[in-house]
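Could you slot chain V onto chain L? The hints should help.
Chains L and V are the protein sequences, given in the same order. The first sequence begins at 1 in our numbering and counts up one residue at a time. The second sequence begins at 1001 in our numbering and counts up one residue at a time.
Read the hints as simulated data drawn from the structure, not as lab findings. Even glycine gets a Cβ: it sits at the ideal position worked out from N, Cα and C. A portion of the hints provided could be inaccurate.
Lysine to aspartate or glutamate pairs mimicking EDC-like chemistry, simulated, CA-CA at most 20 Å apart [what the hints assert, rightly or not]:
1) L:Lys116 / V:Asp1050
2) L:Lys115 / V:Asp1050
3) V:Lys1217 / V:Glu1130
4) L:Lys115 / V:Asp1082
5) V:Lys1133 / V:Asp1082
6) V:Lys1085 / V:Glu1209
7) V:Lys1085 / V:Glu1130
Computed Cβ-Cβ distance ranges for the label pairs, DEER-style [to be verified]:
8) L:Met81 / V:Arg1078: 39 to 45 Å
9) V:Leu1240 / L:Gln113: 41 to 47 Å
10) L:Leu21 / V:Phe1015: 36 to 42 Å
11) V:Phe1271 / L:Ser160: 41 to 47 Å
12) L:Ile90 / V:Phe1271: 37 to 43 Å
13) L:Leu4 / V:Gly1241: 52 to 58 Å
14) V:Phe1271 / L:Met1: 31 to 37 Å
15) L:Ile131 / V:Phe1271: 25 to 31 Å
16) V:Tyr1219 / L:Ala3: 55 to 61 Å
17) L:Ile90 / V:Ile1037: 20 to 26 Å
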Amino acid sequence: MKALRRGLDLLYFAGGVLGALCLIAILLIICGQMIARWSGIAFPGSTNYAGYFMAASTFFALAYALNEGAHIRVTLILGHMGRFRRWGEIWCYTVAAAITTFFAYHAIARNLQTKKFNFLSQGQDATALWIPEMAMTIGSTLLAIALWDHLIRILFTDHSGVYQPDITEREH
Amino acid sequence: MDQLTLTAIFLFILFLLLGTGVWIGLALMGVAAVGIILFDKGFVGANLTDKAWDSASSWTLTALPLFIWMGEILYRTRLSEDMFKGLAPWMARLPGGLLHTNVVGCTIFAAVSGSSAATLTTVGKMSIPELRKRGYPEFMTIGTLAGSATLGLMIPPSLTLIVYGVTINESITQLFMAGVLPGLVLAGMFMLYVTGWHFLRPGQRPAKEPKTSFGHKLYNSRFLIPVICLVLLVIGSMYLGFATATEAAAFGVIGALVLATFQGSLTMETFSTSLLGATRTSAMIALILMGASFLSLSMGFTGLPRGLAEWIASLGLSPIVLIAALTIFYIIIGMFLDGISSVVLTMAVVEPMVRTAGFADLGFDMIWFGIFIVVVVEMAQITPPIGFNLFVLQGMTGHSMGYISRTALPMFLIMVVMVGVLVVFPELATWLPENLRNRP
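If we strip away everything but chain L, and leave its shape as in the complex, we get:
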C-alpha cells in the first residue's frame, strides 16, 4: 500500500517535471526560430512544434497542478458547509473524476485512430499526429487517476481532498 502511495505521488510529480521540461523546450524552439529568422535559415514548422510542446506541458502537468491546489474552483459554498464539507468534496471529486475519465477514454480512442490511419499535421511540419497527441492521452489519464485516487482516499480514509492553499499564501 505504502509503495503504491509513493509510486503514485512520484508519478504525478514526474508529470509536473516533464511539463516543466516541455516549457523549456518551448523557450528553446522560439529562440531557435528567432535566430533562424535573423540568419536567414529556414526552420519549417517551428510554430507547430512550439504548439505541441505547449499541449504537452499542459497535459503532463495537469495532475501535478491538481495536487498542488493550482486548479481554481468556486469555494464560496464549500467553505460554508462546515461538517458537511466532506460530502461536498465527495460530490466534486465524483463529478470531476467522471468527466476526466470520459475525456481520457476518448483521448485514448482518438490517439489509436490517429495512429491507425497515420494522420499527418496539415502544417509545414507534417508530424505524425499520434506522437504529440500521446501527451493528451497520458496527461488526461494521469489526471483521471489522480482524481479517483483522491476520491477513494476521501471515502475510506480521513483525507479531505487536495490541500487548497489559502488565497493569502498563494503567490498568484
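Leaving out everything else, chain V in the frame of chain L:
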C-alpha cells in the same frame, strides 16, 4: 422538450457545477458534454478531444507560460526591496509623497508580470511597512495599493488579455498595445488621487523626506533601472514589429534570467521553483481554456448567444446603455469568479453582441472591448465578497475585509470614471494598435 427548456436545463447544470465547487475547467467540459447530448448534436467525445487538442496546442497560447515564467523569475529576485528603495527618492518630493511609490511600483511590476496578486505582494511587501514607519495614513496606503495592483491585468504582459485574445482569435500583440495607454492613464488618475489627498487633507501629511542628490537617487535605483530596460525591450520589440508576443515573452524570460544571475538571486532552487510555478499556473489556465472552447461549441448549439444578441438588438438600446449594463453584469460575475474564468465563460455569449454595427459606429471593436473587459474585471478584484486583491491584502495587513474594501472604494470609483473615459475616447485603446497595424 422545446429549445427553451433545454437551454434552461443547460444553464442550470452550468451554475450547479460551478457553484458547488467543481474545478472550473472540468465543470465547463462537463456542462458542454451535457449540452451536446441534450441538443443531440453528434459525437461528444470526438468534439471534446478536438476542441481540447486545438486549444491546448495553439501557437498563440505559447506566450502565456513564458510570460508567467518571466514574472515568476523576477518575483523571486530582490526586486521587491529595490522597488521601494529605488523609487522612494524620486517620489519623495512630489505632492502626496511616498504614496506614489505604490502606484508607480505597481505600474512597473505590472509591466513584467501579468497577475495582479503577484504585483500586490511584490510592491506591498516593502511599501506597507515603510509607509507605516513614516506615518502615512493606513487608509491611503492600503487603498492605493489595492487599486494600483489591478494594473497588473491591464499593462502588458497581461494574462487576462492573452486569454481573451486566444478565446476570440484576436492578435495578442494588438491587445497588448491597446492596454498600454489606458493603463498609463489609469495610473495617472491614481496619482492624481494621491495628489488630491495631499492638498485636501494637509493635516494627514507626514514629515517631509530629506533632500537627496541626483547621484544618490541613481545609486539607489541601480537595480531598478535594468528591470525598466527589460520592460522597454519586451514592449518595444512587439511595438516595432521585431517580435511576436511569444517571441517577446522569450526575450522576457531570458532577460529575467540574466538579471537574476547578475543580482545573485538565481540559484538552482529559484530556477526550478519559478519554472514549476509557471508550469502549474499555465496548466491551470489551459485547462480552463480547453473547457471554455468546448463549452462555446456546445453553447452555439443551444442558440443562446445568437438569440441573446438578436433580443438585445431588437430592444434598440444604445451601445452606451449596453456598455453600462455589461459593466454591472461583469462586476456581479466578478464577485464570484476570477477574471480569467469570467472572460472565457461569457465571451461565447457576449462576442456576437459586440460584433454588431452599433458598436463599430462608435469606434468600439473587439480590441477596444478587450480593454473595457479588463478594466471591469479589475474592478471586480477589489469588490467584496470575492475580490482577490482584498484577500491578499487581508493576509498581508490583518485588517478586516470591510475596512480594506472601504479604502479601495475611491479607487473603484476612479475605475468607473476610467470606463467613461474609454467610452468617450475609444482611441485611447485603439490608436496604438492601429498605428502598429499600419506598419509595413
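Hint check results:
1. Annotation: proposed proximity of Lys116 (chain L) to Asp1050 (chain V) holds, straight-line Cα distance about 17 Å (limit 20 Å).
2. Note on Lys115 (chain L) and Asp1050 (chain V): the hinted pairing holds, with a Cα-Cα distance of about 16 Å set against a maximum of 20 Å.
3. In summary, the hint linking Lys1217 (chain V) to Glu1130 (chain V) is supported, as the alpha carbons are separated by about 17 Å, within the 20 Å threshold.
4. A hinted pair counts as satisfied when its Cα atoms are at most 20 Å apart, and Lys115 (chain L) with Asp1082 (chain V) does not qualify at roughly 54 Å.
5. Annotation: proposed proximity of Lys1133 (chain V) to Asp1082 (chain V) holds, straight-line Cα distance about 17 Å (limit 20 Å).
6. For the proposed pair Lys1085 (chain V) and Glu1209 (chain V), the alpha carbon gap of about 13 Å is at most 20 Å, so the pair holds.
7. Between Lys1085 (chain V) and Glu1130 (chain V), the direct Cα distance comes to roughly 10 Å. Compliance with the 20 Å bound is thereby established for this hinted pair.
8. Remark: the range hint 39 to 45 Å for Met81 (chain L) to Arg1078 (chain V) is upheld by a beta-carbon distance near 42 Å.
9. The hint said 41 to 47 Å for the Cβ distance between Leu1240 (chain V) and Gln113 (chain L), and at roughly 45 Å that hint holds.
10. Roughly 39 Å separates the CB atoms of Leu21 (chain L) and Phe1015 (chain V), a value that falls within the hinted 36 to 42 Å.
11. Hint check: Phe1271 (chain V) to Ser160 (chain L), Cβ distance near 33 Å, so the stated range 41 to 47 Å is violated.
12. The given range of 37 to 43 Å is respected by Ile90 (chain L) and Phe1271 (chain V), whose C-beta atoms sit roughly 39 Å from each other.
13. The hinted window of 52 to 58 Å between Leu4 (chain L) and Gly1241 (chain V) holds, with their beta carbons roughly 55 Å apart.
14. Take Phe1271 (chain V) and Met1 (chain L): their Cβ atoms lie about 35 Å apart, and the range 31 to 37 Å holds.
15. Separation of Ile131 (chain L) from Phe1271 (chain V) is about 29 Å and conforms to the stated range, judged on CB atoms against 25 to 31 Å.
16. The given range of 55 to 61 Å is respected by Tyr1219 (chain V) and Ala3 (chain L), whose C-beta atoms sit roughly 58 Å from each other.
17. As the Cβ distance of Ile90 (chain L) to Ile1037 (chain V) is approximately 24 Å, the hint placing it in 20 to 26 Å holds.
Consistency note: the structure conflicts with the earlier hints numbered 4 and 11.
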